[in-house]
Structure formats: C-alpha cells, structure tokens
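There are 2 protein chains.
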Amino acid sequence: MPASTRTDATAPPPITGEGRQRVVIEGVTPCVDGGRFAVKRVLGESVQVEADIFCDGHDALRCLLRHRHSADRQWQETPLRALGNDRWRGSFTIDTLGTYEYTLTAWVDPFLTWQHDLLRRQDPQDIALAQRIGAGHLAAAAARADGNDRQRLHELADRLLAAAPQDAAAVASDTELLTLMAHHGERRFATTHAPLLTVWAEPVRARFSAWYELFPRSCLQEGQSHGTLAGAEQRLPDIAAMGFDVLYLPPIHPIGRAFRKGPNNALVAGPDDPGCPWAIGAAEGGHTTVHPQLGTLDDFRRLLARAREYGIELAMDLAFQCAPDHPYVGEHPDWFRWRPDGTVQYAENPPKKYQDIYPFDFETDDWQALWQELLGVVNFWLDQGVRIFRVDNPHTKPFALWEWLIGDVKRRHPDAIFLSEAFTRPRLMHRLAKLGFTQSYTYFAWRNTKQELTDYFTELAQHASREYFRPNLWPNTPDILHEFLQFGGRAAFMLRGALAATLGASYGVYGPAFELCEHEPREPGSEEYRDSEKYQVRRWDLARADSLRDYLTRLNRIRRDNPALQADWSLRFHPVDNDLLLCFSKSPPDDGEGDVIVVVANLDPHHTQTGWIDLPLVALGIDPQRPYQAHDLLSGARYLWQGARNFVQLDPAAAPVHILRLRRRLRSERDFDYFQ
Amino acid sequence: MPASTRTDATAPPPITGEGRQRVVIEGVTPCVDGGRFAVKRVLGESVQVEADIFCDGHDALRCLLRHRHSADRQWQETPLRALGNDRWRGSFTIDTLGTYEYTLTAWVDPFLTWQHDLLRRQDPQDIALAQRIGAGHLAAAAARADGNDRQRLHELADRLLAAAPQDAAAVASDTELLTLMAHHGERRFATTHAPLLTVWAEPVRARFSAWYELFPRSCLQEGQSHGTLAGAEQRLPDIAAMGFDVLYLPPIHPIGRAFRKGPNNALVAGPDDPGCPWAIGAAEGGHTTVHPQLGTLDDFRRLLARAREYGIELAMDLAFQCAPDHPYVGEHPDWFRWRPDGTVQYAENPPKKYQDIYPFDFETDDWQALWQELLGVVNFWLDQGVRIFRVDNPHTKPFALWEWLIGDVKRRHPDAIFLSEAFTRPRLMHRLAKLGFTQSYTYFAWRNTKQELTDYFTELAQHASREYFRPNLWPNTPDILHEFLQFGGRAAFMLRGALAATLGASYGVYGPAFELCEHEPREPGSEEYRDSEKYQVRRWDLARADSLRDYLTRLNRIRRDNPALQADWSLRFHPVDNDLLLCFSKSPPDDGEGDVIVVVANLDPHHTQTGWIDLPLVALGIDPQRPYQAHDLLSGARYLWQGARNFVQLDPAAAPVHILRLRRRLRSERDFDYFQ
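Protein chains in written order, with the numbering used here: chain F, 1 to 676; chain P, 1 to 676.
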C-alpha cells in the first residue's frame, strides 16, 4: 500500500505552519525566475515593485515594501499603495553601488478594519459599542509600543472612549492616531514574501554608454609598420571629441605562432603577418602579458589613466581560449581535451573555424583550478584599474563559471561592467544576462526592415526580460559587415549609426571602419571585411573628407543632451503610412526632466521617402490643441507641427534620419518666436 | 565596512556546486507559481510538458521527462522532442487517481555530439580519427552497462574501429547502437529541474459534470407542508432523465431559531417559518445532523445510494458557520469573537448581511482544534459516502485551512470533488482553485454581451490559469437572478442555459426555478428571487407546459454525445458581423475522437438576428474545398455549408441557439444523402 494513502480518519492529520497567517503575497514584479536572479538598476533609478496581496474575507491590510542595501542591516519600510483588484505598488530608489535586497510584508490590521467599518456606521448604539472595541485595539497597540508612543496611545484610547458617538469618527481619523497605529501594528501573523529578491545597483554607464572599438595594431605613428598602445593614446582626444566614453580594445596579448593565420583568414601566415589577436598566448606570455609589439604594461596603464582624463573608460577583451603555443598548454595540458592522435580539436563557433585557437576543456577534472586561474586573469586587469570587460563568446564557456566569476568581481568592484558577446540563440543570450552580464550584444546588425526593428526593439524595451537584459547596439563589428552596409553607401552607415545611437541607450561602433564607411566584403555573400584588421595592420585615412566623424559627434552630443536617449524602457513605435519609414519616440526615464525625442528614419538608403506619421500626443505630453515645434537636432531645422498626423520627407543623400526634439509642455509663446 | 566588500583578491573565492553541470532547464510549463501548486488533470488526459533546455557551446543534449504516480517508487522516463529554439516537449498520460510528480532531466551527451559531427565529416583521415574517439565513447558506455548490453557495446566499439572510413557513418547510426547509447549515457553531471512538480489526477466528473440544485424542503409529497429527503428521492428519475449527474442539496442540517429569518429575508420569522438552511445548527444538532423535518441520516444514506443507481452523485453543502443556537456556540465559545457587550458580530459578505449566522473566529488561539473539528465534519459525510462538496463562501475562511483540509481528504479519497462558491475578486477565486478546489463558480451569470463572453471565456480557456482553475457555469443560483433573466422571458433562459452547457464542460442550474423560468425579483434592481426558497417552502408545478425540462434534456444529451463539449481548452470564438450574434467552436480534447461543435447564439432574447459567421475551416479539420454539413443538434435541422463564411438567422421565440455538429473529415458521400 502506498505511504500516501491513509485508510482511516481517526488520527487527526498534523497541521504544519501558522494557520492564522492569512495574507497571501503573489505575482511579485519585478522578479526574475522566482527570485533566482537579480534585477538590474543603475544609480538614480527606482525599483517599482508590485504584487497581488490579499487575505480571506473582508479585513483591511497593511502592506509594506522592505528594502536594504547589502551593506546595511536595517530594512527600510515603505507603505504600498492599492491599485485596485488586490494589486499593490511601492518603490525605492537606488543610490549606492552594490546589491539591494527587497521583499514585501503584509498583515491583517484589525484596527484599520475597525476604522473603515466605523466610518460607515450611523446608529449611535452601534457606534458606542464600536468605540469600546476600538479602544481595545488602541490599548493592544500601546502594549506593543513604549515610551511616549505608549502613553499617547493610552491617552487616545481614553479620548475615543470618552467621545460622543457623533465625534467618534473624527477621533478615529486623527492623523496622530493613524500614524501611531501604523507604527505599532500586530505583525505576529504577518506574511513576508520569500525568497528575498535582489537588485544589482550599477554605475550609470551600465545603461548609457557609447563604445568605440579600435585595434591598437593600426594606431600607427610616423614610420611604424605596427601600431602601439602609445599610438592608441594619441587617438584619445579625437575619440573623446566624437563623444564616445568607452574605448574597447581587442586582445592586447602575445599572439600565437602555431597555425597563425594570414591576411583574410588565410590558413598559412607569412613571416611578417601579425596573426589574429584572439589567438592568445605565445612564448612571451598569455592573458596577463602585453604583446611586446604593442608596448608594455606601463604603456597600458598610462593609456588607461589618460583615457580616464578624457572621460573614457577602457574595455578589455576577455577571450578565454589559447593559441597552441600559449604557456597554459604546456603547463596545464589537462585543461585541454587531447585526441587519440595527440592533437586538440581547434575551437569552433559554427560556422566559424578557429584553427589557431584551442578551447579550454571545462569538463576537465581540474576545472576548479582552471576557474580560479581565469578569475586570476580578471583580477590582474582589475588591479591595473580596468573596470570594463567585453567578453568574447561567453556562451561557449559554462554558465556557472560566469555567475561565480562576475559575482565575485562585482562584490569587490560593484562598478565593474561586463559586455557579453554572445551572438547565439536567444535563450543563451538571456541566460548570460541573468547570470550577471551588465550589457549584451544584440541581433541589431541583422534587423533592418521596419517590422524586424519594431518587433525586436518592442520586445527589448517592453518584455519582462528588460529587468536583466541591457542591449548594446552595434551596426558593425570586426566580425559583422552586414549586406545592408555593403550596398547602402554612406547613407546606410548614417542610418544604421543613428538607429543604434537612438534605439539603444548603449551602442558602439567598430570605429575606423565605421567612420570611413568601410564596406567591401572578403567575398560576395560574406559578412567578413576584405583585408580585415583581425589578420593584418590597416592604415586608415581618418582625415578623409567623407568621414562620418562629425556625424558621430553630433549623434553623441544629442544623446548627452537628451535624457530620453539615455534609457530604453520608454521606447514606443508609431504608425507611418510608408513601410520604408520608421518612427519611434523615447521619453525621459522615470518621467524625469527633459523633452521627448521622436526619430523618423528612412530605411531605404537609395531613394527619398515621404509619409505621414501619427503620434500619440497626449501620451507624449504634448498639448494636442496647440501647434508644437519639432526641432531636428541633426540638421537644426525646425518644423511647426499641429495635431497627431504630420508629413515627413527624407532624402537619404542629405539626411536619412530626423532626430526631433518635442517639448513636453510648451512653457511660453517664446518657443514660437522664430515663426513670427 | 560592510561584510560583502572584500578588498583583496588573494584568497580564492570558494566555488560551490558542480561546475561541470552545464545544462540549464528553465521556463517549464505547466508549472503553477514555480511549482508551489499542482496542475489538475482527469483520468485519460495527458500532461504536455515543455521547457527551455540548453547548455553552453554546441554539444548535443539528452532530455527526458520523468514522471511517477505517488504510489510508485519508479520513475517513468520519456525522451523529449526538440521544437526548435531550445524548446523541448514531452508528455505523459494520467491513468490513476491521486497525485503524480514530474520533472525534467537533461545532460550533455558526448556520444551524440560526436555522432552528429561524424555525419558531417568528409575527409577519410578526419573520419579515421573520429572512429577512434567514438570507440572510446562506446567503451565508456560499456563500463556503465552490464550483462548483454556491456558485451554488445564492446562488440559495437570493435566494429566501429574496424569499419572502413566510408562505412563509419552507417555503423554510428545503427539503431541498436543508438538505443544502447541512449540507455547508458553518462548522467554524472545531469541537471534535474527542481522542485518536483505535481499533478492532481481526478475523476472525469471533475472536468465534465452537469449539476442540478434542489431544495429538499420543497420536495413535497402528498399533503406535506415541508419537503423531505424521501421527497427528493422521488425526483431522482426525473433529474436523471434530464441528464444531470450531480444533485446538489443546500445544507440539510437543523436550522437555528435565534434571529431566524422570515420570507423574503425578513428580519423576524413567523412561528412556522422554516428559516434559512445556511443558518446551521440548533438544539437538535449541527453540521453532522440531519434536519428532523427533512428526515434521518438513514434517509440521507438511502438518497445517496439511490442517486448513485441513477448515475447521480450527491453534492453536500459545506457552510462553515453557525446559527447562534448551534451547539458549537455553547461548547466552544472561544471559536467566536465576542464583543464587549457579550454579542457576536453576525456574518457578512458585503453587501449581504446574515443576521442569523455567526462566523467562526479563525484567529482564535484554539484554531487548530477548530480546523480538526471542521475536517471531522467533512470526514463524517465522507464516511456516509459523500464524495462531492459544494463549499459555501470559502473565501471568508483562511486559505491555509482549505489547503490542509482538501489535501488531507484527497490523499484518502482522490475521487473527492470540491466546488468553490467564491463569488469574489479574481485573485481570491484563483487562489482557492490553486489550493485544491476542483471546480469554481465563475462570473458567467454577469457576462452577457458578446465582448464580455468572448473576453472572459477566452481567458478561462486559454490563460495559464486553466491548469488549475476549472470553471463551473451557473446561469442562476438561489442567490443570483440576473436582470437578463428577469426581463428576457423564456428565450433568455434557453439562451443562458445553452451557453452554460456549451461554454462550460461543467455547468449547473438551480433546477426548479430554471426549468420554470422563475424570473420575479424580490424588488426592482435586486438579484434575489421573490419568495425565495432560501426562506420558505415552494410548491413548484414541474409539469407546467412551458417547462424547460425537455430543452435541458436535449442539451445534456448533446453534451454526452459530443466529446468536444466535455472539456474547455479547445474553445475558440469566431467572427460574426452582428454584435448580437455570438459564435464559438469546441473540438474534442487532446485531438481525440469526435466532431467539432459550433455554437451560434442570438444574445438578443427579443428579436430575430441574422449575420454571416466566419469559421477557420482548416483549423477545425474541415476540408475548405468541399461543402460540409452543419447539423443543428437542438432542432435537428441540417444545413449544407460551403467555405468559411455562412449565413445564420436565429429567432429567439423559436430557438435562440444553434448547436451545430460539423464532421471533422467527411467520410463518404452518404453524409449528403438527405439533400438528394
């Protein structure tokens, strides 16, 4: 007979738990996977918490949001507001880096139930009885209080008892009384949501950043055939002037010689070919060594310090893999998987093959030593002052490694930022973001039509995954030259740059190639660059007249001036009666200071497109009864618009995009001066 | 300094857990509140389980669904099928009452990875090396196997090694080999979803039932002024003939005398007024006593047994509350909340006031004894053979009580059914369903327009809450006479009856009042009946010519003949170009045997309405290229339809509803015989 079948009812079944804990708390948001993972915020943002909270019957509840920074012992408590239908809401603000915990607690409050009931009563006899009951609640609260509160509660109980029935409601609604009763509630049977929920509190740059990617190998100074970190240093004023605030360098370590690749991914390299920076490690050293051709560790430290003077943070590449001549291969052969023929299968990220790279075997029995070593690499660069890491192919390393590694780093350096380069399936991208990656590369490079852009960015901005997944938009990377850029000419670069910079609070460009509209593929149908910097030194003519340098400068200035573009959640797409025109808006986060930004983009880089856009004016904070100014921050043009529907025309040869500032509330007639 | 800040990186941080457990399982469905609550199924249904399952990198996975009945120790394992984008699916069938557990387990399978890789290889040298690696995987599996499997795996390894490169793929795809390797995988680092998830496996009646509510007080026999259980017994043939299979009796216990109510809820009762059955308890006894005027416990047992002979289960009313003269009040004064004036505040379910009823004080220090006593009441009736309970106002008793009580009952009597009468806010209704209530009353009585019906029943049929919330639809109850029935005449009753019987696999009527189209409210604007049976005996003339008896008989026969109407999840609404016409379809559950049912209802009880309906033929299993027969099972009429759009006309005076049977696949021309 199965253990779970009881055949008689004579033995009373045990009752576990406290049966008088009557309140239920469920449907808590935000909450990632039942609290398994943290939500993410940056300094100055708030966490708006909601839950369904209710009890049996018709009693009144007290519902509180509790939060504390992990460095604090004391919980902060904030009353929740009832939204109707048993939904409650409260919020708290993030003001310290690190982690916060939050939860909800609620209990049945007999005093509040009594007070609501009393206010409805008419019959003096009923009220007189209610006064005696209410005085009991006050006396019970007094017993829980001490000092002055206790004394005041006793006095108020006496006052309630002594009041004439027609005055009882006023006594019971006294502000001091309500405050005291709110403080000294009977929490014996309170329900507290479990588990505790967590927030990563991160620097503002985690949400709002403009990245510039640069190969130091091509930062050539007079007479050099291989660039250096010192050469990269000379580019800092220029990059800062363009408005970028993160400078990302591909790996700067010694490059393996075994199976080194030649130009255009050739399987055999010539004697002077520099190889691929991601084939890390050679006799000179591995992941904590600076490539001698690029300079020294001191050069690196100086570059980091100088960048910071320009308001630029350096992003290190973390590529946990080895060239066949990396010192690890000899020192820790058990960290690699050897085949019967004494070789190691090279790394792959299908369909790409990396013949010059060995992957680690994370299933090695010595995996714990391997993890500690990799954390040691990160710690080495943290010790040099690095705070931003761009992680190469994190989805080909164990998820648990990242959770442990990032968790440890952020406990010590809560300002650290990790960008996940996981161009892979959605579930893996999301898992990495949940585990702690601060930002993630996205599918943006492959989203080009109106429908694709609308669907994807609506998901990123509106879906619950926004609590942990922060997109970073790249129109190009050294690995991705999309067909649209190959054939769209300069207008395509302008369009995609503007979309990245406005759809994404964080975006980045593979810099020199983007500025100079580098668009030749290795071969037709390929997304690889011809003569890619991944395999050779490039001499860029950055002074070229058709450079997008000034255009990028303008985009970044617009982003800095407009809080609406510094966060993603407010993104909304709006109808246009032309499928080649895209229209969207962003408003300042948390309904803060600043204006609405409306972007209208011509997705056709070859022809002028016209259409009528349709804006939800009231939702955007615009008075629909009055004309309003649409100020194109890219061209400087100003349009006087009226009503929801307005005409737009975009010639890609001139400007494929409007970035329009709409004042949310017209403050005076002065805004229209120039029309007069 | 906070404990969470470590300032040096010299001490390596601990690594907890197994870092080689690489598979992630998340997004499991069905799963109620993270597994806190069970999903519900009835015998013969399946549980279709899905999850996102993936690992880092590009290795192949083995993914299994595991399930077992709580009486079994052994897990059953079923392979999951990949749906794409890392989503996997499997299912198992429910064949035993009680509870099932299920979970998912998955691991990285190096053999499968190797096999997939081998099939892509061309180079004989690559293949030869792969053969040696593959033989290693087979040898490792052999070491985990024993007996014949071990020997065969060794033989197959030898065969693989000996094969010519061009034959290796065939050897590696051998069925026996694949089967053996599937059985002897290396599960050391498998991931298993936690917590275990649970299914309540319930009788079919939990999903498909037709309830008839009857006050025995009005089951009058010749010359009586108060009905009896024996009189109710005499109604059984009639109720069975109509096709109902649950007979629900309001409380049959002694009725209190203190504050007894008179006709039409009068606060003072006359000496012969019988009072309200929900004011339970008097000197004669309480919740385990049969009201002497209704008969004896033996009469009750006989009624139960006789009903069962007719295929009818009796549903007892569980109303956990007391008349002021209930024995509990004297024996357990601490189970009630006494006010300073020595009285107890009567029960309320706002806006209703029950002056003749004391609520229990579930916050009493003696709550455990009270819970045990209430369970004892249920056990008493279980011992008499009762298996269905209709629970009165469960939302005014603690949630934890129900979870404990229903859980205990269902462990002993997995065929028990509890219907929740929680006409309250959505969250409370849902919580009670999650806690274990088998079925729930709904808002159906107040959903009358096309939009209301479409929204509400789409939610009930499609939302994840269907995993635990089983609706039971009542067009009327002794407490609810909706305005629509007050003014819509007989057509309104026909319409609402048909909607209840077809929108809901479970439905019920407050019987005599429904059959006879009882529609007079106590006063204008009230939903109470005039001369309600709740407060007095009624003499019903069930033989009246305008009775809906035959109509209900037809509805129930159609329900029994058509599996499509015996479950709710397939419900879909379809467009009609007239807002007073409603069209929906249901298909047989789990895509089993039976035809599609299409219901077209005229929501206007006063006027003929016409319109064009638009059916998704292919989705319904109808060949869109051929004419098809729509057979009205209510009127017997047959229509030959063609294509998706067809014309309908419904005169409420004749028949406000079509219940059309559409054959899913026309088997022969014979179906069209009558047209010739």
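Check the hints yourself; a few may be wrong.
The list makes no distinction among identical chains, and a pair is therefore deemed to hold if it is satisfied within one copy or across any two copies.
With a straight-line cut-off of 20 Å between C-alpha atoms, the simulated DMTMM-like cross-links for lysine to aspartate or glutamate are [as the list claims (entries may be wrong)]:
1. LYS353 x ASP117
2. LYS450 x ASP604
3. LYS450 x ASP95
4. LYS352 x ASP59
In case anyone wonders, no lab produced these hints; they're calculated from the structure. For clarity, every value in this text was computed on a predicted model and none was experimentally measured.
Handout entry: Index of numbered hints that the structure contradicts, given in increasing order
Key = 3
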